[in-house]
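Enquirer: As they're listed, the protein sequences go chains A and B.
Read in order, the letters of the first sequence correspond to residues 1 to 444 in the working numbering.
Read in order, the letters of the second sequence correspond to residues 1001 to 1444 in the working numbering.
Worth double-checking, as some hints may not be accurate.
[Said to hold, decoys possible] Below are the EDC-like pairs computed for lysine to aspartate or glutamate, each with C-alpha atoms no more than 20 Å apart in a straight line:
| hint | chain 1 | residue 1 | chain 2 | residue 2 |
| --- | --- | --- | --- | --- |
| 1 | A | K145 | A | E297 |
| 2 | A | K145 | A | D84 |
| 3 | B | K1145 | A | E379 |
| 4 | B | K1145 | A | E297 |
| 5 | B | K1145 | B | E1297 |
| 6 | A | K145 | A | E209 |
| 7 | A | K145 | A | D274 |
| 8 | B | K1145 | B | D1274 |
| 9 | A | K145 | B | D1274 |
| 10 | B | K1145 | B | E1209 |
| 11 | B | K1145 | B | D1108 |
| 12 | A | K145 | B | E1297 |
Derived from the structure by calculation, the hints contain no laboratory data.
Please read all numbers here as calculations on a predicted model, not as lab measurements.
Number of protein chains: 2
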Amino acid sequence: MTVLPPGALTDPAARAAATSDRSGRPGAEPLAVVRAVDVDHVVEVLRWATSTRTPVVTRGGGSGLAGGAVATQGAVVLDVAGLDRIVSLDPVDEIAVVEPGVITADLDAAAREHGLFYAPDPASAHLSTIGGNIATNAGGMRCVKYGVTRDAVLGLEVVLADGRRLATGRGTLKGVTGYDLTSLLVGSEGTLGVIVGATLRLRPVPVAEATVAASFADVETAAAATSALAAARLVPSVLELLDACTLATIDAAQGTSLSARGGALVLARTDGPDAASQASAVAAVLGATATWIEHTEDAARADELLAARRLALPSIERFGRALIEDVCVPRSRLAEAVRGIEAISAETGVTVHTFAHAGDGNLHPIVSWDPRLGDEVPEDVQLAADRIFDLALELGGTLTGEHGVGLLKREHARRELGDTGLDVHRAIKHALDPLGLLNPGKAF
Amino acid sequence: MTVLPPGALTDPAARAAATSDRSGRPGAEPLAVVRAVDVDHVVEVLRWATSTRTPVVTRGGGSGLAGGAVATQGAVVLDVAGLDRIVSLDPVDEIAVVEPGVITADLDAAAREHGLFYAPDPASAHLSTIGGNIATNAGGMRCVKYGVTRDAVLGLEVVLADGRRLATGRGTLKGVTGYDLTSLLVGSEGTLGVIVGATLRLRPVPVAEATVAASFADVETAAAATSALAAARLVPSVLELLDACTLATIDAAQGTSLSARGGALVLARTDGPDAASQASAVAAVLGATATWIEHTEDAARADELLAARRLALPSIERFGRALIEDVCVPRSRLAEAVRGIEAISAETGVTVHTFAHAGDGNLHPIVSWDPRLGDEVPEDVQLAADRIFDLALELGGTLTGEHGVGLLKREHARRELGDTGLDVHRAIKHALDPLGLLNPGKAF
Ligand SMILES: Cc1cc2nc3c(=O)[nH]c(=O)nc-3n(C[C@H](O)[C@H](O)[C@H](O)COP(=O)(O)OP(=O)(O)OC[C@H]3O[C@@H](n4cnc5c(N)ncnc54)[C@H](O)[C@@H]3O)c2cc1C
Ligand SMILES: Cc1cc2nc3c(=O)[nH]c(=O)nc-3n(C[C@H](O)[C@H](O)[C@H](O)COP(=O)(O)OP(=O)(O)OC[C@H]3O[C@@H](n4cnc5c(N)ncnc54)[C@H](O)[C@@H]3O)c2cc1C
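If we strip away everything but chain A, and leave its shape as in the complex, we get (with noise of 0.2 Å):
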């Protein structure tokens, strides 16, 4: 064994290429990165990181928005973007084999060649790998009826601390043959295991789709017509809300005008034989207390419409520097949520874009300050960001609803676990990784 690992790279740019992800959050220069060329490298990487007592910081795409993957002092990065091959793709079992480096667009791409696709859609899936989907078990718009990405992950194949191999879950829709590792392993933020394959579940395309979008006086009353379309029994397949804050700063940066039809935008879409008769459905609910509506099954013009969600985060971060929250309630206390983030943005003097996955509950404030004063986050950003948290929480919901918790919410984390939850953690991350190498210091 030597001072690195096989196919170390220790040229400054590889290495500060590894100290940060998508969050902002500055890590560490990492000693080193290997890009892994196959398991077996992967393999030697860990058994080299057991012998040597050396961390290390698994890395996907680094499309991350909690810090997960940035490199910590001391850490070798160990980058498994390169493990990229779609293995298997079995149209009738619906079931695809791939390595974790798969960008998650290819794979739905394949996938919709057979009339397939892959449904955990985080709007980072360009960016984003697998293996990071399925260790932050990412979520997305079409999470409120397709589910998030463990419910797309069937088996693992993954390498532990000390280089062994573990296949866990199976190639069938079903199984209950021992603990289910596998979900264990799903969000587990490269804490445990580095997943190096999966065998995840493909879903047939809808035949059709039909969209929704209404603009209504604020975001109150479009918080309770979602929750109408709840009550009335109906499944969107996107279920999006947007702010006022958010649809004036779309309009600024795009030269749209949402503003004028309305204080909040909702987005809905619904698939299936029926998508357009459910989409009247849908469209009569939201109609009755909306102030401008519009419902189409026209490809390019759902294009159009659902445009003004792609859109929003780019749109703020034009104009400052932004913490990208993530906090989820439950569903019938989304208009308190809203109502509490307004009170906070109002009292810290600090500006808070909230747009939603609003059939989950699932809200991601965008707390943002002026670039002109740096890329530290301000204390009173921080604040207003510590005060969601805990309206979260009070609200009986969770801190982080599809980011993880990565660097950035660990303490927040411990409180949401308690003790014995906190206990329990740190009694299974030393059962597979009792000399704490992979990734320490995050996720909880």
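With chain A's structure known, arrange chain B with the ligands on it following the hints.
Expert: Just chain B with the ligands, lined up with the frame of chain A:
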């Protein structure tokens, strides 16, 4: 601390009732039985167990088919069936909070009063408890569309082996703070903690249902027809298959004439606003190779058609003693599995009836013997069952799709999990139950 826990029953009747479940596998007489009256009582019993180093077997409805709840030598049986309150049921959030002893069918009935239903539907729904369903990750006929028990569990209240209380998961539809301890507990067969509460997801009752029944010349044609449904991207809410042996036995027991229509029966259900048109599409696919087909939207007639599935097991049990197996294979290999089971039956001379949740690839081969041979599983029956497990693993499957490992399948489970898998199971068991008190000798 006394020699027995608070509320211990030691009378022969109580102890005898706890020695077995529906697997027929006899257990040992327990030291005592405790019928828990509330969560504090559960805590007291586990503290007592820890201080006296006494094993604890948790028991729900006792309807298990794997011997999971049968008492073991020197153990106390902790019966939680009496904790049977539905604590809350929120129709807007579509969430119920329940105690573990709630009978599965009772929760479903309570949900239906609000236009909702509880999706997991083991055939034992009138006997089994929610706690037992969670501990075994129970399946049922609706899994093919709505998922298994795990997919309905958002959070758990658990008492750990040392009496500490742990809350896992949350009351929101999404959330990724910490490890997925909820899923780790689901399917853990009473070996990691005692489930004393659950937050469950309900779903809107489909507005319409339609049912298709089709007979085929033989089981292979029938299995191919169910694969053709998947290839046509149809997603029925129920998709069951019964073989010739099963049909003949139902006919003999119930005076029906199912066998006259063909050597295999497929039962499919569709639901949702377009149930009828979906059922037509299903009927078109199945009809291409069927010897007989019927298609109905009438609920009473649908019940008659589905009765064959419901009556399968009781009919078989009228004529013989039965080992109820539960293998699962990739659904594209269903026909191969059925053929292999027929070959095993022919080679061993043992009668095997097979019916299957065809949409999931989950087969229930019922290996039976003459009751005059006694209760003990005869050697040739065990051999046939063992060869069915081997077959399932060869086909890339698993030895239990939904019933669990319990006592009955431990040896085979070890093979399926592999050495590293088994080590990881032991490490996790040790992390949560270091003294090994919870259901020792079960599950792996
Ligand atoms: C514009 C934008 C939009 C986004 N939208 C969404 C969204 O809609 N929904 C959502 O959920 N997220 C979203 N994200 C966040 C991010 O894209 C997801 O968290 C994604 O799953 C990260 O994947 P990655 O491959 O980039 O992982 P990385 O950022 O490289 O890593 C994330 C975490 O996973 C671990 N990890 C990565 N690969 C592996 C592996 N193979 N084995 C073990 N651990 C591993 C890392 O150690 C780290 O803890 C968005 C991000 C951006 C920049
Ligand atoms: C006629 C019949 C049909 C069946 N059909 C199906 C089917 O379609 N699908 C299916 O999946 N199963 C089926 N089963 C099997 C059985 O009903 C299920 O396994 C069910 O989930 C067991 O629930 P129970 O409450 O009876 O649990 P029990 O039999 O009492 O216990 C089962 C296991 O769970 C543990 N356990 C029970 N309660 C708790 C708790 N609160 N905390 C921790 N551990 C606990 C026990 O220790 C044991 O290991 C059937 C059984 C019968 C008799």
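Enquirer: Look at each hint and say if it fits the structure.
Expert: Here is what the structure says about each hint:
The straight-line distance between the Cα atoms of K145(A) and E297(A) is roughly 19 Å, inside the 20 Å bound, and the hint therefore holds. For the suggested pair K145(A) and D84(A), the alpha carbons sit about 28 Å apart, so the restraint of at most 20 Å is broken. Between the alpha carbons of K1145(B) and E379(A) the distance comes to roughly 48 Å, so the proposed pair goes past 20 Å and is violated. At most 20 Å may separate the alpha-carbon atoms for a hinted pair to count; K1145(B) and E297(A) exceed this at roughly 26 Å.
Taking the CA atoms of K1145(B) and E1297(B), the gap is near 19 Å; set against the 20 Å cutoff, the hint holds. Between K145(A) and E209(A), the direct Cα distance comes to roughly 13 Å. Compliance with the 20 Å bound is thereby established for this hinted pair. For the suggested pair K145(A) and D274(A), the alpha carbons sit about 15 Å apart, so the restraint of at most 20 Å is met. This hinted pair checks out: K1145(B) and D1274(B) have alpha carbons roughly 15 Å apart, not beyond 20 Å.
Between K145(A) and D1274(B) the CA atoms are separated by roughly 17 Å; this keeps the pair inside 20 Å, and the hint holds. For a cut-off of 20 Å, the pair hint linking K1145(B) to E1209(B) stands: about 13 Å separates their Cα positions. Of the supplied pair hints, the one linking K1145(B) and D1108(B) holds, its CA atoms being roughly 17 Å apart against a limit of 20 Å. Our distance criterion of 20 Å between C-alpha atoms is broken by K145(A) and E1297(B), whose separation comes to about 26 Å.
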